[in-house]
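Final position of the sequence shown in full-length UniProt numbering is 560; the numbers increase by one with none missing.
The reader is advised that the hints may include incorrect statements.
[Unchecked claim] Cβ-Cβ distance ranges computed for the label pairs, FRET-style:
hint : residue 1 : residue 2 : range
1    : P192      : S424      : 49 to 57 angstroms
2    : N345      : R161      : 23 to 31 angstroms
3    : N359      : G440      : 42 to 50 angstroms
4    : G276      : P192      : 17 to 25 angstroms
5    : D502      : R185      : 51 to 59 angstroms
6    : P335      : Q496      : 18 to 26 angstroms
7    : G414      : S281      : 53 to 61 angstroms
8    : G422      : E494      : 43 to 51 angstroms
9    : S409      : G516      : 24 to 32 angstroms
10   : S409      : S304      : 51 to 59 angstroms
11   : T157      : P192      : 40 to 48 angstroms
12   : Q496      : S281      : 39 to 47 angstroms
13   : E427      : P158      : 28 to 36 angstroms
14   : D197      : Q222      : 21 to 29 angstroms
[Said to hold, decoys possible] In the EDC-like style, the derived pairs of lysine to aspartate or glutamate whose C-alpha atoms are separated by at most 16 angstroms in a straight line are:
hint : residue 1 : residue 2
15   : K444      : E518
16   : K444      : D360
17   : K444      : D408
18   : K444      : D434
These are calculated hints, taken from the structure and not from any lab test. Using N, Cα and C, we set each Cβ at its ideal position, and we do this for glycine too.
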Amino acid sequence: MDRHSYACPYHACRPKDASNNASCFRASKAHGRQYAASFFHVDHFSYASLGHFIILLLLLSVPFCMGTTVASSAHLQRYKSVLRLHQQSFNGSSLIIQRGKPVSFSSISHMQWRDRTRLNRLHVRASDEGSSPVIFPLGGIAPMMAGLYFTEISLGTPPSRYYVQVDTGSDLLWLNCANCNPCPRKTELGVPLALYDPSSSSTSSTIMCSDDFCNKFSEGCQAEEACAYRLLYGDGSRSEGFLVGDLLQFSTVQVANRLVDRGAKVSFGCGTRQTGELDSSDGALDGILGLGQSSISVISQLRSNNETSGVFAHCLEGEGEGGGMLVIGDVRAPPGAVYTPILQNQPHYNVNLQSITINDVVIPVDSSATSEDGGTIVDSGTTLTYFSDAAYLPLLQTIYDAVKVETDSFQSQGMSCISYSGSSNVEDAFPSIDLNFDGGSTLKVRPHDYLIQIDGEQGDNIWCIGFQTSGSNNSINILGDIVLKDRLIIYDLEQQLIGWVDYDCTSSVTVLEADGTETSVPITSIPFGSGASSTLKSYLLGGFKLVFLLWVVPFIPFLC
1 MDRHSYACPY
11 HACRPKDASN
21 NASCFRASKA
31 HGRQYAASFF
41 HVDHFSYASL
51 GHFIILLLLL
61 SVPFCMGTTV
71 ASSAHLQRYK
81 SVLRLHQQSF
91 NGSSLIIQRG
101 KPVSFSSISH
111 MQWRDRTRLN
121 RLHVRASDEG
131 SSPVIFPLGG
141 IAPMMAGLYF
151 TEISLGTPPS
161 RYYVQVDTGS
171 DLLWLNCANC
181 NPCPRKTELG
191 VPLALYDPSS
201 SSTSSTIMCS
211 DDFCNKFSEG
221 CQAEEACAYR
231 LLYGDGSRSE
241 GFLVGDLLQF
251 STVQVANRLV
261 DRGAKVSFGC
271 GTRQTGELDS
281 SDGALDGILG
291 LGQSSISVIS
301 QLRSNNETSG
311 VFAHCLEGEG
321 EGGGMLVIGD
331 VRAPPGAVYT
341 PILQNQPHYN
351 VNLQSITIND
361 VVIPVDSSAT
371 SEDGGTIVDS
381 GTTLTYFSDA
391 AYLPLLQTIY
401 DAVKVETDSF
411 QSQGMSCISY
421 SGSSNVEDAF
431 PSIDLNFDGG
441 STLKVRPHDY
451 LIQIDGEQGD
461 NIWCIGFQTS
471 GSNNSINILG
481 DIVLKDRLII
491 YDLEQQLIGW
501 VDYDCTSSVT
511 VLEADGTETS
521 VPITSIPFGS
531 GASSTLKSYL
541 LGGFKLVFLL
551 WVVPFIPFLC
């Protein structure tokens with residue numbers, strides 16, 4: 001089925017009776033979950049081209065997978081503190097294989113549980129000139145502990161702040177709304193929750209069924225009714241409500257650092273009912289910010305309003321406390337960046353992995369194992385990396401064969417591990433792996449990328465391979481954070497390409513302003529602390545174009 005085609009009945013409701021909302025169902029994905037949805041019309045808010053450079057500096061949060069039990073009170077106190085982005089420059093020659101403290105097998109189990117849930121849901125779904133870049137710095141911890149990123153956005157007039165999950169695997173932006181029942185009222189993440197109230201914003205407007213965009217995705221929607229939405233997730237959770245438009249608020253700096261308040265009208269879901277895990281306080285947020293390819297995503301809306309180009313990029317720091325950046329707009333790729341085409345008519349960011357090479361020897365992998373059924377998914381929402389058995393088994397064997405020292409391999413928690421007793425450095429003993437893609441591009445995965453050190457009874461010489469099988473009956477391949485970290489990953493939706501290059505995710509990023517000027521934005525100078533308001537003001541006046549602070553609040557993942 002075409003990504004934008006839906007053949008199902010639709011019924012909408014008025015906002016006052018949103019609890020009875022029903023909508024057109026559609027098989028898709030929101031943060032790795034299958035969902036069904038009807039979408040809304042982008043209210044074409046008339047703004048002149050901003051003609052200036054917008055920088056959103058947002059600190060995204062990453063949950064902490066530390067076993068199956070709640071962390072100690074000391075750890076929780078640390079989690080609730082605002083963390084600072086790791087600011088040491090990446091140095092490949094001195095990169096330490098272990099990322100701080102070795103993880104436990106229970107941590108591995110959590111990673112696998114979270115990724116498996118996402119993998120199953122992915123498998124279900126699988127059967128302009130004058131624009132301005134938008135930059136979101138990411139906060140976090142080591143990618144092996146990652147799972148959920150969230151940030152703070154400002155919506156409405158006067159503006160109110162909301163914490164939303166950032167998800168490149170879904171399209172719709174939605175928030176919990178006033179009178180939502182049931183909806184979470186508290187969260188374990190240590191951030192305040194807020195309900196969006198359309199009546200409290202002078203710029204809010206309800207998206208009606210008469211809107212052409214709403215009609216495009218629905219049948220039976222009455223013109224005088226509000227355009228409703230319903231999201232059905234693979235785990236049984238559900239979000240439903242009606243669709244509204246309002247201002248996404250931000251501040252920009254134009255010529256001579258003149259501070260100007262701006263806003264862009266975006267359309268999103270006003271959630272009136274959340275069920276299942278979405279109603280749980282474990283990891284609850286105010287909503288989800290979708291960054292998918294669909295025309296209803298925030299990226300597409302900003303692009304259609306000439307706010308940004310159809311390009312975005314992320315860079316996840318792999319060392320220390322983590323961190324990085326998410327850039328929406330014309331990011332300038334540094335020298336060495338390579339690209340591969342995005343496969344067409346796929347719901348995710350899919351590419352064609354053609355072969356895998358170790359020590360210049362091509363692993364004999366059936367091409368259907370990496371190119372059939374939608375190719376390989378590039379997904380920052382997955383922690384490990386997954387291959388079908390046809391690719392995984394020969395890859396694993398080749399790694400074992402390449403380690404020419406005494407090792408004892410074993411399986412633990414479904415993961416292939418090695419008790420390494422050689423005298424050589426692990427980085428030297430294990431091979432680098434080349435993932436070769438359509439277009440001649442290669443992603444080199446080094447030992448420190450794919451090896452996870454385990455804290456076990458045998459000491460710290462246990463290393464598990466961060467590649468997993470997606471199952472004998474599953475042809476899905478997913479490149480997760482473990483191989484995406486410490487790289488600038490560029491999604492060029494205009495040219496339909498995905499690119500990458502090794503990168504220091506704590507350094508500056510170069511973007512192209514509306515007038516064609518290249519600007520280097522120093523990410524590591526973003527301040528973090530309890531005085532968010534005063535810090536924000538000082539850095540806006542100091543030359544940053546648009547700044548939101550992004551907090552790091554690790555937690556045990558609840559829904560991935």
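So, going through the hints one by one against the coordinates:
1. P192 to S424: 49 to 57 angstroms: Given range 49 to 57 angstroms: holds, Cβ gap about 51 angstroms.
2. N345 to R161: 23 to 31 angstroms: violated (38 angstroms)
3. N359 to G440: 42 to 50 angstroms: violated (20 angstroms)
4. G276 to P192: 17 to 25 angstroms: holds (23 angstroms)
5. D502 to R185: 51 to 59 angstroms: violated (44 angstroms)
6. P335 to Q496: 18 to 26 angstroms: With Cβ atoms ~22 angstroms apart, the hint holds.
7. G414 to S281: 53 to 61 angstroms: Because 30 angstroms falls outside the window, the suggested range is violated.
8. G422 to E494: 43 to 51 angstroms: Hint holds: Cβ distance 48 angstroms, inside 43 to 51 angstroms.
9. S409 to G516: 24 to 32 angstroms: Roughly 55 angstroms apart at Cβ, these two residues miss the hinted range, so it is violated.
10. S409 to S304: 51 to 59 angstroms: Taking Cβ atoms as reference, S409 and S304 lie about 52 angstroms apart, which means the hint holds.
11. T157 to P192: 40 to 48 angstroms: violated (21 angstroms)
12. Q496 to S281: 39 to 47 angstroms: Given a distance of about 40 angstroms, which is inside 39 to 47 angstroms, the answer is holds.
13. E427 to P158: 28 to 36 angstroms: violated (53 angstroms)
14. D197 to Q222: 21 to 29 angstroms: Since D197 and Q222 have Cβ atoms about 25 angstroms apart, the given range 21 to 29 angstroms holds.
15. K444 to E518: Violated, because 29 angstroms separates the two Cα atoms, which is more than 16 angstroms.
16. K444 to D360: Holds, at roughly 12 angstroms.
17. K444 to D408: violated (26 angstroms)
18. K444 to D434: With Cα atoms ~5 angstroms apart, K444 and D434 stay inside 16 angstroms; holds.
Checked against the numbered hints given earlier, the structure breaks hints 2, 3, 5, 7, 9, 11, 13, 15 and 17 and satisfies all the rest.
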